[in-house]
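Top to bottom, those sequences are chains A and B. Quick note on numbering: UniProt numbering labels position 150 of the first sequence as 150, and the sequence is numbered without any gaps. Quick note on numbering: UniProt numbering labels position 228 of the second sequence as 228, and the sequence is numbered without any gaps.
Mixed in with the good hints there might be a few duds.
When chains are identical, the list treats them as one kind, so a pair holds in a single copy or across two.
As the list claims (entries may be wrong) - Result set (DSS-like, lysine-lysine): computed pairs, CA atoms no more than 30 Å apart in a straight line:
| id | residue 1 | residue 2 |
| --- | --- | --- |
| 1 | Lys23 | Lys179 |
| 2 | Lys118 | Lys94 |
| 3 | Lys118 | Lys70 |
| 4 | Lys118 | Lys152 |
| 5 | Lys205 | Lys56 |
| 6 | Lys42 | Lys209 |
| 7 | Lys72 | Lys209 |
| 8 | Lys72 | Lys58 |
| 9 | Lys118 | Lys239 |
| 10 | Lys179 | Lys94 |
| 11 | Lys179 | Lys239 |
| 12 | Lys152 | Lys94 |
Keep in mind that the hints were calculated from the coordinates and are not lab data.
For reference, the chains in residue letters:
There are 2 protein chains.
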Amino acid sequence: MASQGRLYGIGIGPGDTQLLTLKSVEVLNSVDVIFTPRSAPKRNSIARKIIEPALKGKAQIIELTFPMTKDKGELESHWSTAAAEVAGILREGKNAAFVTLGDPFFYSTYIYLYNKLKEEYPEADIITLPGISSAFASASAAGVPIAIGDEKLAIIPLPRDTAAIRPYLEMFDTVIILKVGEKLRGLIDVLTELGLQDNAVLVQKVSQKGSERIITGLSGLSEAELDEVGYLSTVMVKKNM
Amino acid sequence: MASQGRLYGIGIGPGDTQLLTLKSVEVLNSVDVIFTPRSAPKRNSIARKIIEPALKGKAQIIELTFPMTKDKGELESHWSTAAAEVAGILREGKNAAFVTLGDPFFYSTYIYLYNKLKEEYPEADIITLPGISSAFASASAAGVPIAIGDEKLAIIPLPRDTAAIRPYLEMFDTVIILKVGEKLRGLIDVLTELGLQDNAVLVQKVSQKGSERIITGLSGLSEAELDEVGYLSTVMVKKNM
């Protein structure tokens with residue numbers, strides 16, 4: 001019987017091929033199969049586009065569909081199917097990589113697959129390789145240090161009720177807010193109440209050449225900008241800025 | 001007059017050369033000068049050891065001393081000297097890199113240099129490149145996902161009064177605790193009070209080959225371990241583990 005293959009969960013960073021680590025590139029060029037996630041069967045995989053310039057090997061690329069749904073039953077069924085597909089490849093003795101934007105253990109689809117594999121195929125050999133998170137890439141792009149000394153950092157997906165973010169803004173030196181989207185207006189209202197609207201920097205589409213946009217201070221945004229710039233944005237609020 | 005050079009602040013990750021990004025390696029092999037920090041004139045630069053295997057270029061390496069002191073005056077004077085040295089190189093039209101462990105904007109010496117340059121040499125052209133933080137590398141090494149969905153993350157250097165960490169442990173799904181050191185016993189006391197001692201994973205010397213150590217659950221440590229394992233350790237506490 002062939003020995004089992006190994007799965008590498010690989011964080012490929014926020015969007016620039018050059019932000020892959022040496023280790024990730026080495027593994028991507030050594031495995032037999034690369035799994036890339038996409039959100040619908042007809043949509044291109046963003047992750048695939050990011051890694052392609054770094055590929056020299058001849059790994060087979062298999063796209064796995066992870067729908068953008070909140071229906072738990074539908075998601076569970078998709079993860080089970082994906083986990084079975086991955087486990088099947090490993091059982092053939094092949095090594096595989098699953099690529100995911102940012103860091104694999106940080107708000108990533110990979111975590112669902114990983115948990116499913118642990119649960120249903122506990123014998124699977126899995127190694128996870130860290131990647132540059134968009135939160136960190138955004139700070140570097142904006143030229144705003146995240147934290148130093150005894151400063152405290154909170155990283156929080158913006159709650160639906162934006163006011164719920166208030167205690168975190170009060171308690172922490174730095175708050176990085178993810179999943180801003182269309183709730184940007186609500187976030188600015190809370191920041192304004194706390195006098196922090198100009199202690200914020202918004203980074204949109206970080207590391208995406210030609211599309212990256214950095215806005216320091218959120219009090220001067222036009223109505224059109226308020227509608228648009230929340231998409232794929234991270235907001236970093238820093239008291240001592 | 002020669003045009004000014006550019007400074008790249010480069011995060012080189014937690015300890016493994018293979019965790020450098022492609023971009024960082026490219027820049028390190030293109031600049032004229034690489035500044036590496038060390039904590040005393042006679043101590044080796046850890047950062048230098050990490051980057052050396054990736055260097056093909058012939059950059060001059062200059063070690064800058066940043067003493068491990070809390071004396072503000074002494075630190076200020078060291079940063080001023082370092083900033084002047086860096087600014088002098090840029091003024092000669094040379095490009096330079098300053099390398100730093102982990103991510104450059106995350107609890108790093110680079111931030112002091114960066115702030116000093118911004119203050120005293122505002123004309124300096126500085127680009128910061130993100131790196132893999134030890135917090136993220138620790139999670140990958142331990143196989144413990146950091147956060148997903150609407151989970152919230154706090155990253156906090158352990159306060160001298162360890163009990164002060166209690167509200168953060170209560171409010172957050174995941175807390176990553178840095179700078180544990182000799183306060184590990186105090187931290188375990190707080191975790192035990194909250195019933196979280198087995199929801200913690202300690203990662204020591206992450207990414208350092210042969211030295212990395214992962215301890216899941218903190219209730220079974222021996223007295224000898226309690227004295228030792230806090231050093232260069234990150235503790236990740238996860239309610240839903």
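Hint by hint, here is what the structure shows:
In the homo-oligomer, the alpha carbons of Lys23 and Lys179 lie at most 30 Å apart both inside one protomer (29 Å) and across protomers (27 Å), since each shortest distance falls under that limit. When the C-alpha separation of Lys118 and Lys94 is checked against a cutoff of 30 Å, the pair qualifies only within one copy, where the shortest distance is 18 Å, while the shortest distance between copies is 51 Å. Taking identical chains as interchangeable, the C-alpha atoms of Lys118 and Lys70 lie at most 30 Å apart only when both belong to the same chain, with a minimum of 22 Å there against 45 Å between chains. Taking identical chains as interchangeable, the C-alpha atoms of Lys118 and Lys152 lie at most 30 Å apart only when they sit on different chains, with a minimum of 23 Å there against 32 Å within one chain.
In this assembly of identical chains, Lys205 and Lys56 lie within 30 Å of each other by CA distance solely inside one copy; the values are 27 Å within and 32 Å between copies. For the identical chains of this complex, Lys42 and Lys209 are intra-copy neighbours only, at 24 Å inside a copy versus 43 Å across copies, given an alpha-carbon limit of 30 Å. When the C-alpha separation of Lys72 and Lys209 is checked against a cutoff of 30 Å, the pair qualifies neither within a copy, at 35 Å, nor between copies, at 40 Å. Taking identical chains as interchangeable, the C-alpha atoms of Lys72 and Lys58 are never at most 30 Å apart, the minima being 36 Å within one chain and 55 Å between chains.
For the identical chains of this complex, Lys118 and Lys239 are inter-copy neighbours only, at 18 Å across copies versus 41 Å inside a copy, given an alpha-carbon limit of 30 Å. Neither within a single protomer nor between protomers do Lys179 and Lys94 lie at most 30 Å apart by alpha-carbon distance, with minima of 36 Å and 40 Å respectively. In this assembly of identical chains, the alpha carbons of Lys179 and Lys239 lie at most 30 Å apart whether taken from the same copy (21 Å) or from different copies (22 Å). For a Cα distance limit of 30 Å, the shortest separation of Lys152 from Lys94 qualifies neither inside one copy, at 43 Å, nor across copies, at 36 Å.
Against the hints set out earlier in the document, violations occur for numbers 7, 8, 10, 12.
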